[in-house]
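With the sequences and hints as input, model every part of the structure.
Protein chains: 2
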Amino acid sequence: MIRTIKINSKDNVAIVTRDVKRGELLDIGTEAREDIPQGHKIALAHLQKGDEVLRYGVVLGTLRKDVEKGDWIGEHDLDLPLSPALSELTWTGGPECDRQKKPGQPPFFMGYDNGEGKFAGTRNILAISTTVQCVKGVVEAALSRIRNELLPKYPNVDGVAALTHSYGCGVAIDAKDAAIPIRCVKNLMYNPNFGNEIMVIALGCEKLTLERLLDNEEINSDNVLVLQDCKGANEMVDSIVDMAERKLAKLNKRKRTPCSLDKLCIGVQCGGSDAFSGITANPSIGYCSDLLTGYGAAVMFSEVTEVRDGVHLLAKRCSNRKAFEDLIREISWYDEYLAKGNVDRSANPTPGNKKGGLSNIVEKAMGSIAKSGTAPIERVLGPGEKNDAHGLIFAATPASDFVCGPTQLASGISLQIFSTGRGTPYGLREIPVIKIASQNTIFSRWPGIFDISAGDIIDKGLSFEDIGKRLFELVLETASGRLCQAERNGFYNDIVIDNPAPIT
Amino acid sequence: MIRTIKINSKDNVAIVTRDVKRGELLDIGTEAREDIPQGHKIALAHLQKGDEVLRYGVVLGTLRKDVEKGDWIGEHDLDLPLSPALSELTWTGGPECDRQKKPGQPPFFMGYDNGEGKFAGTRNILAISTTVQCVKGVVEAALSRIRNELLPKYPNVDGVAALTHSYGCGVAIDAKDAAIPIRCVKNLMYNPNFGNEIMVIALGCEKLTLERLLDNEEINSDNVLVLQDCKGANEMVDSIVDMAERKLAKLNKRKRTPCSLDKLCIGVQCGGSDAFSGITANPSIGYCSDLLTGYGAAVMFSEVTEVRDGVHLLAKRCSNRKAFEDLIREISWYDEYLAKGNVDRSANPTPGNKKGGLSNIVEKAMGSIAKSGTAPIERVLGPGEKNDAHGLIFAATPASDFVCGPTQLASGISLQIFSTGRGTPYGLREIPVIKIASQNTIFSRWPGIFDISAGDIIDKGLSFEDIGKRLFELVLETASGRLCQAERNGFYNDIVIDNPAPIT
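Quick note, the sequences are listed as chains P and X, same order.
Heads up: the first sequence runs through residues 0 to 503, numbered per numbering that gives the first Met the number 0.
Heads up: the second sequence runs through residues 0 to 503, numbered per numbering that gives the first Met the number 0.
Please note that the accuracy of each hint is not assured.
Any copy will do: because identical chains look the same in the list, a pair fits if it lies in one copy or spans two.
[Said to hold, decoys possible] List of simulated lysine to aspartate or glutamate pairs, EDC-like, C-alpha gap at most 16 Å:
id	residue 1	residue 2
1	339	173
2	339	176
3	68	10
4	206	173
5	152	115
6	185	497
7	175	78
8	230	325
9	5	115
10	315	23
Calculated from the structure, these hints are not laboratory results.
Following this line, the structure appears as structure tokens:
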């Protein structure tokens, strides 16, 4: 019997998990009435021409013909709904769904909550911040000494991360859009995993001055080293090592304590997606997200270009007018940014997407949005804006994996869930990244990369609720100190800063 | 007696090398007729209202009043010439100056010239190219094994460089301006220092496909590893290490041989500039550049926004119509790029520049252009375009140090001269970077950073010809294998790729 996948209880279509021949029996209690390719939609009931086709609980389009239960609904069978213009969206008073407050004994995690901020850390990391790429070579030289000579003396510290980047000078620093990279570099410093121990290496003549990054009282020799004040190459390295040791001594006193979930702020992301990402891994993440926000955690989803064509659905989920208005502002900004670059939104499904069963742009966006579960959107953040809200948050970032990650990091996530079907060794040094595979083939073929697979939804008939619950447990364990695969491998990506303003 | 500095024999003003009091005797055979701040202009002759003031051999402006020899000429004493609009520039048949072919026994350097291309290498480096940031963590993990386990077995190889970058996916790959980052990533592989041993690590689903980077016959398992074809984390790292060993064995056979200077292609750059950069270090680089191009070498200068307001002077120096037209095209592109970002050209001198004695935008640009000496411009390249010309070349790059460097690297330089007054620890792993200080204070205060100082032009009355000749010798020694300070320290910057197109 062939498995099908139905995402939302309202849906009147499901997805077949492998190529189906006419007459084969399906788990929906009927035979396929025609051949249906893997990942494509099958009707779950008799529907008439003009009826709405529902998937992910939303309208994908209206039918051009009558269909019977067991019929294939292909791209040509649907009249596509137009994605409404942003100017036509209005705030309608918030979503119908309730915040899913969970009953019973609330779960907890063992986090670093030493009074540093609203959220607790999941790791205890010394972060060496930098104002400008120019200092990168010196910081790198100091880093190997810090890791080899110092770190073993401070066993409570999990690691040292140099927040080097390619911003900071030779840029239009007063351009309006420069606000984005500046706040990313600034807010990165205050990630919950870094214990509020500020350590900044500056050059001295860069455009991204210390004053743009720190408060006046923070600019002192405890927190800041300016290389142009040093006497030569050796003193530069020695001074960084000395400063690191002072910070390590303080960080070494941090302790894990039981934290309720309102102390947890995580991010979710998908990348290297395949046809199954949107029907296995992403809905599982969404279920896990609902559990987390139900217990008071903050969960950020992102990737503007991936959700662009489902924006009207996000707009309906905003719990308050400010979130709605911020959503429209951020999406509008991205529309204009792409237009300035003379780029089409390229949001229509590609031939590969269509072959995979994605009939139209709403369906594609819903596969990405599935990561956000069903909770109301409480807050919308610009790229790299610091989060202080609980519940579900839309953090407007590029969809590029290695830009989205650092940008969510700047917004304050201390853990990330990342789904992939094609497979990527993506990871971050600053936080654990839990990697979930969309199918078991890649999970088995890439040992040492994934932490969990959603493939049993296809292969063993598990539900995304089943995988979502496992993922929830894994999040709590990982937040409490269990190493994820990216940490075991030491595969870490750079801090790529989003700079939409010109370089000069 | 107080030193003054005159840059060009035509100049009718000089610069005072320290604060001067009225009545103090100057080396121009007269007393100062008023107080003059360090770095400011002093008249070298009686000049009348309306006369042209010449510095760097070009007109800075016309006088608003009569002056005597020994008078201060400040910013308010000059009517500024307008920088002509690009549309008003026409090709006038090439420069008056001759190519300075040098007489006598031609000098040589000991380069790697094993038939790989038009130019020889100055180092023997294994370059591990990457298609996308996603693979960075895996490459980094392999890199430490390659350096520790393999490199000692191949003593003729100077080092291993991972050309990791933040481009390759989540970008508008078909945008017109995406041509720039794509050709940078592509052309980097063929730098003369890498011996044409292509080694590319790809992920498998990135937008920057192998087909965009390599010819069909180059895409094979000798040259390319696709991580999505590997079986797990360990195999990824092992495969990279194995591939590196095969390449190292080939590179180990490269030998240094005597090369004439037409086998040398270098770049010049300034960064972290002070008031002396344009009057000591940069003219010394210019003199060295004239020597190099006179003997047939290729010398690239760059930094569009720094030369923008002297573009009419560069236009006159183009030796052929194509160079002129390419110059106008590249400068126009940058004007439009900045305008799209709603940024002013910000080319007017800053208050700090004016305090340092730079009266206007032409004077500021000339300080940067001084690095190019007096040779005709034979070729103009877009950012990252591969160079195959000899003589002086304008490679249009951003002025940002850490973007200009990698972009010149893509264009094929195998050595760079870098001048600074404020001081930066900038360096590149792929090529030697000779650092020249604009004054002795920073040179002495930062031991281990600089290779040479132009400060004796101020302190000991040396000419920039004197320093330029020393620099020329240093270039040949360094190209032949002498380590520069950046290599001794191991202070290396990232490969920052210039991407003016949107990220998605």
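- Item | Numbers of the earlier hints that this structure fails to satisfy, in rising order | Violated hints (numbers, rising): 5, 7, 8, 9 and 10; every other hint is consistent with the structure.
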